[in-house]
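Participant: Each chain, letter by letter, is given below.
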Amino acid sequence: MKKLLIIALIAPLFSIAQNYAVSLIPDSLKNGCDAVKRFEELHVIIKSPSKAIIKHKYAITILNKDGDEYAAYANNYDKLIDLSDISGALFDENGKKLKSVKKRDIADVSVDDGYSLALDGREKKHDFYFRQYPYTVEYEDEQSLDGIYFLPYWQPVENEKIAVQQSTFIVETPDGYQLRYKQNNYNAQPTIVNNNGTAYTWVVNNLKGFKYEPLQPPFQEITTAVFLGASDFSFGGYSGNMNTWADLGKFQQQLNNGRDELPDNIKQDVQRLTASITDVREKVRILYEYLQSNTRYISIQLGIGGWQPFDAKYVATKKYGDCKALSNFMVSLLKQAGIKANYVLINAGNGRKGLNEDFPAPYFNHVIACVPMAKDTIWLECTSATTPAGYMGSFTGNRKALLIGDDGGHVVNTPLYTAEDNKQLRKTDALVDAEGNLTADVNTHFSGIQQETQHSLIHDANKEQRDKYLNSVLNLPTYTIDKYDYKEDKKTLPTVDEYLHVLAPNYASVSGKRLFIQADVFNKSTTKFNTDNPRKFDLLFRSAYKDIDTINITIPQGYTAENIPPATDIKNKFGSYSISYKVEVNKIFVLRVNQRNIGRYPPSDFAEFAKFYEDIYKADRSKIVFVKKDS
Amino acid sequence: MRLILNPLLFLHAAMLLCLHASGQKDRPDLKFGNVKVADFSPKIAATDSSADAVFLFDVGNAYFEGNKKDFFSTVYEKHTRIKLIRKTSFDDLATVKIEYFEDNGFKKQEITELEAATYNLQNGQITTTKVDKSTLFKEQNGKWVTAKFTFPNVKEGSIVEFRYKIESPYYWRLPSWKFQGEHPHLWSEYTVEVPELFDFVVLKQGYLPFTVDTVKNEYKSFVVINNPHDAFEASSSVTVNANVTQHTWAIKNVPAFKEEAYTSSYKNFVRAVEFQYLAYRPPHLPVEYETNTWQKASKELLDYENFGHPLTDLNTWLKDDIKTATGGQNDSLAMVKAIYEFVRDNYTCKDNTALYLSQPLKKTHFGRSGNVTDINMLLIAMMHNAGFTAEPMILSTRENGRANEAYPILSRYNYTIAHVKVGDSDLMLDASVNRLPFGKLPPECYNGKAVVVSQDKPLLVTLSADALTETTQTSAFISNMGDSLAGTYSSTLGFQRSLSTRQALKTNTDVDNFFKDIKKSYLLDVAVSNTSIDSLNKPDYPVAINYYFDFKPTGDIIYYNPLMGDALKQNPFKSAERLYPVERPYSEDNTFVLNMEIPKGYKVDELPTSAKVLLNTDDGFFEYVIRADKERVQLRCRTLIKKATFLPQDYQTLRDFFAFIVKKEAEQIVFKKL
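Chains as they are written, first to last, in my numbering: chain A, 182 to 812; chain B, 10 to 683.
Calculated from the structure, these hints are not laboratory results. Careful: at least some of the hints might be erroneous.
[Unchecked claim] Label pairs and their calculated CB-CB ranges:
(1) Asn365/A <-> Gln579/B: 41 to 49 Å
(2) Thr497/B <-> Pro747/A: 29 to 37 Å
(3) Lys267/B <-> His682/A: 19 to 27 Å
(4) Thr497/B <-> Lys799/A: 20 to 28 Å
(5) Ala270/B <-> Lys799/A: 30 to 38 Å
(6) Asn245/A <-> Gln149/B: 33 to 41 Å
(7) Gly418/A <-> Ala270/B: 53 to 61 Å
(8) Asp475/B <-> Ser209/A: 53 to 61 Å
(9) Ser245/B <-> Ile287/A: 41 to 49 Å
(10) Ile287/A <-> Asp360/B: 16 to 24 Å
(11) Thr654/B <-> Asn365/A: 56 to 64 Å
[What the hints assert, rightly or not] Listed below are the simulated SDA-like cross-link pairs for lysine to any residue, each with C-alpha atoms no more than 20 Å apart in a straight line:
(12) Lys238/A <-> Ala270/A
(13) Lys280/A <-> Glu321/A
(14) Lys804/A <-> Tyr531/B
(15) Lys682/B <-> Glu615/B
(16) Lys709/A <-> Phe523/B
(17) Lys328/B <-> Arg312/A
(18) Lys283/A <-> Ser367/B
(19) Lys681/B <-> Ala742/A
(20) Lys534/A <-> Phe400/A
[Unchecked claim] Under 10 Å between C-beta atoms, here's a sample of chain B residues computed to sit facing chain A:
(21) Ser58
(22) Thr127
(23) Thr155
(24) Asn522
(25) Lys525
Cβ coordinates follow ideal geometry from the N, Cα and C atoms, glycine included.
Given these sequences and hints, build the entire structure.
Facilitator: Quick look at the structure:
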């Protein structure tokens, strides 16, 4: 009976040719979508901890031009992933087969991630370039994994504006193999069949497409997805288990083992630099700066080398390495100085989420180092030559990561940056002449995440790029920045002081007897939200900040204020905003405070949220109108 | 300073230019590894304080050598030494990428004698770290290989050096040389040595004077080894003696080239030399000319298998598509249009810079994709099959730089379109661009002379951006409706703006956002409704933007900008000075007309003044005519710019002209409550 059931589930999908007539798609799925996935089967067969086969077959109907990108096939392979058996076909509106994929039409290209010096990843690609809508493409391929450290995940709705008619995810494991999975937005349990092994099946039918909403949560949280985690696995000649974070950490420990030996000259450098220092923090800072000034980031990802660091000796001689090699080198330097430090796996990137604590699996893309301390840990981004010791920022801050200890992995939290940390305090002193030309001295103090742009202007841009950036970034019609200056303070919470001298011809408009001026010169909110459609998803604000603007403007003598905008003062759960204007003879004083908190808000809060932004938008653009006294 | 395309020079022409006396003594010591402590001095960078790296020298050689395959190869040597001053230069300069071509091992370029090292100054001593051969990575993409390595031990202040040699059996291709780049060069030098067996034409561009420009003649021997055809045949060698002309160009202290907005291509202005193969002169045999007239070039192109030759086939497999496209129409123009639209809408262009076919026409047909030449050649083949006269037309796009029409240097061309005759009219068609109107070309094509590749009579056609006028007509009518003011807005765009609007507004979301931005552009709180865009999906008609808007006048005073959201808010010319010509994509003529009822219960308290300014004497004008009576305000605002290209000396005038427009269009009408 059990055997019959499994056949009933799987066999039809493989044996019966599908009918891809577009008329078979329910209208409710086509509405507002560019493409409809007609059918999909992702079939993962785990044969052993060192071997898995992934069979993927899908068909997608392209409804219009915007859907064309989903008609192209691409899949990757490298030293540890084999890709074979690619086939495919093209069907017209009525489901009539027009042509098949020919082997010689499949392109085979190297993957260029845009920054690596060397990678072994390659990609096979195909595209029918058919442009008579609607049409359907069907593709099928097979990957063979050498080691199951990474397993695929299933996410039938790949993007907004794609609906799914039917998609199935099947995972087969050998007898007694413990498979872990995590499902999002799937309101049932998988069908589990035990018969000389176990087969898990997830199915979805008729999933509607959806539209992107600003500030929506990550895609994988709002759509159906199932993630897999191995238990026992082997990979690139190593084996391990990832049932717990501790075990996953042990595996990484194994990869790193014995890679921390430093050559003598580096040992001497460490001795010379730190022997006379007693404070641990100071030692860490000195060695981190030693790393920063002596090495640079170069990415080389080949085979298991994509997960195993080059040893410390390699970095010591070449003076370059990727995040793994540099973090390992940093940990080695600290060890040499008698300081216990750790290698930390993390999912980096502005706005990205850290690891899921309840589901151990290797969803990481970066490595950092940290020095655990009694009070607070020192975090080190080893690929940056300029970041101050201890600062994580938007790239790696505010998330969970996996610290690799001698006893295995530990889930840790990287620093959280609050509105008080991420500040922009700006003082503007401006003069407007009789023609409306504005000259301003603008002094701004940035901290935390808000100083990151300025930090990169100081360090990553050359003079030409900096001039270009500064002369285009301000929201003013015509202007020149003829002088500027930066001072940074490399603390754990870094700050930058910026001075700009701005000339903005015709900033104020002078027509006949009147002078119009927007007194909030440099910090106008540019965001508005559309409330025409009902909000579906939560609002997610990932980063907090606080801006305070103090503006003093002197205008020519002989005018009186005809219209002064009213003050605005709003406080709510999203944050707060206030602006007030004062005019004394020919001087304008403005105080603007704008703060946003980290938070997640239900869709029902959207109207209030949009109104908040609408009000700010308007208040920031209020004009003060002056009229000549004698007229 | 303007673009100077030097008159053509021939390498073997009997000319001896004088060697500038200063030339040789400025030449740096080129011995590999001979880095001196003084090279690390910060003074080296003093000439350009903003430079994040300085090329101490960049020296190239190209010469001929007898090869083992019966003929000659070219050898290209490059030797470069760079001082890395700031980290920002590491991404570009501390990693070296060398591209070369490997055609199944048969005609294979080979990279040899690669040597590279990093030098650092530590406590007054120079330390050298060589690049380890094991860290050279090769990446294969089709027939192209990229060899990559990165310098070890690099920090701010390091000097890096590399040299390599590429041997190439493609003897008719002499590598070009750019003397200028993003970073300053203390010395940039290129030497080309060609035996009298080969003729090349030299094309120079840019305006920096050469420090060295010399020609030397020498007698040399070349050993050509015959490739044995089977195992029994012994290889033999032939020695060829020939007079060799050696031409050297060098420039001292080359400043960094800085790109500016509204430039078609930096390639037009950078100092560079390029070569076009002309002829092979075997001893005692007739000269084999490559191409020296457009007539000859056209003939060769038409005979060439990767260009015109496939057009001579019957290509009967196109019949079905022609039938589908034309659907039994008889009218010539309608048929041509239908075929054009079929190709434009059903084919995807994967590469929009290519002069030659990348694949057989049949493959383009079945794969429904190809490069620009593949697609337009297919269009021509379909035209032929349908009984029309159609010829390929080649050109160089703006991005690719200008081609020299006087001489058929084909390497300068990178684009093919179709030139089709229908009755008495000639049409230029480009089916590689989505949403392009029938009979129009994308702005990229307007870059000087294009050539109709014709067997009997090649034709040079001027495609000038100056002659391309973009006309925009906008009108707004506002009247009192109850206690609100209600208006209709309508703007009809020229074809280039229509094209870019079509390309930008691909989805309904884009259109929604477009109108949202319009709403935002009003300073007042207006409601925008009944929005529509005409002809968004009809490429042959101009795009028109239409909507209604209304707002409630409140308060004692209303400030109203009569140009509404259409006021020009930014001066497009931000930088204070300009070294190169301003090359705008077209000339323009924009008119905005407003007819507005004065809000009920208000009167005009203040009106902007009317004004007119000329752009130079006859290059255009800006006119702002406004008047008000008791009931209404009327405005007519016109910006006419009669040409697209402006010389650097006109830059300030142009910038001031736009500054005036920005200022004038910001002015407001003041209505006061009665």
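Participant: Which numbered hints are broken by the structure, listed smallest first?
Facilitator: none
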